[in-house]
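Enquirer: Given the sequences, and given the hints that come with them, work out the whole structure.
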Amino acid sequence: MVEHVPLEPHAAMAQWDANGRVTIWSSLGRITLGRADLARTLRLPINRVRVIGTIVGGNFGGKNEITQEPILALLSKKAGRPVKGVYTRGEEFTSSTVRHPFIMDYRTGVGRDGRILARKVRLVLDGGAYCSWSETTLGKACILAAGPYKIDNLEVEAFVVYTNKTVSGAMRGFGAPQVCFAYESHMDDIAAALGIDPLEIRLLNVFEEGSVSPTGQVLHSVVVKESLFKAAERFGWQEGRS
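For the sequence shown, the positions run 1 to 242 when my numbering is used.
If you are wondering where the hints come from, they were derived from the structure by calculation, not from laboratory data. Don't take each hint at face value.
EDC-like, lysine to aspartate or glutamate: derived pairs with alpha carbons at most 16 Å apart [said to hold, decoys possible]:
1. Lys120 to Asp105
2. Lys225 to Glu209
3. Lys78 to Glu135
Computed Cβ-Cβ distance ranges for the label pairs, DEER-style [as the list claims (entries may be wrong)]:
4. Glu209 to Pro45: 30 to 40 Å
5. Asp152 to Asp197: 36 to 46 Å
6. Ala36 to Arg89: 23 to 33 Å
Here a beta-carbon is modelled for each residue, glycine too, at the ideal position from N, C-alpha and C.
Expert: Here is the structure:
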């Protein structure tokens, strides 16, 4: 579980006018989405909700959705005057969203030459107390779970679970960093078990021009091998292993 820790915390201000319309000034990164959520939360027609985006001060996904805005709106209506709220650093950790923690199990069938024959992946995402962006994160994680590798036989099983923890939400990558860590660590383990150079086993299995992804997409402008060669050359992969 990772917090975004933006340089500037969540901040917002709410004010109502005489016609029953509310204006929210907020550091939200996605004001259109926030406006729709506020209208639904406050049970107002969307044309009675105005959201003005202020300087965000760091987002990384953590300011994609409303947090204190509806609370400030209700306080402002009750008080009859503008109400502002700014999270403390501690409140950032307790009241905003975090990156989804994952449990990831990978099983791979590999030939003696290092070629991947089959892979089974099981993902369990900790969504926290509410759904937030769990569905989107799960979908992207499933699509990317196999990695940039040609695998003819693939099965991905995935779940989101509710827990009594901080809400998991959007964070840069939407599930990609988690599965990337898993499948690349797994590839290193496979290479070590077979006594094959980690670079070589990747070059043997990575996507090439015209490869088909697990979702059936035919891939073009594929430069994975070229990127691996260039990276290995830049940081002296062969020299470091000799």
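Enquirer: Now, for every hint given, state plainly whether the structure supports it.
Expert: Structure-based check of all given hints:
With a CA separation close to 8 Å, the supplied pair Lys120 and Asp105 stays within the 16 Å bound. Between the alpha carbons of Lys225 and Glu209 the distance comes to roughly 10 Å, so the proposed pair stays at or under 16 Å and holds. A C-alpha spacing of about 35 Å is found between Lys78 and Glu135, which places the hinted pair above 16 Å, so the restraint is violated. Between Glu209 and Pro45 the Cβ separation comes to about 52 Å, which falls outside the hinted range of 30 to 40 Å.
Distance hint check: the CB atoms of Asp152 and Asp197 are about 23 Å apart, inconsistent with the given range 36 to 46 Å. At roughly 29 Å, the beta-carbon separation of Ala36 and Arg89 lies within the given 23 to 33 Å, and the hint holds.
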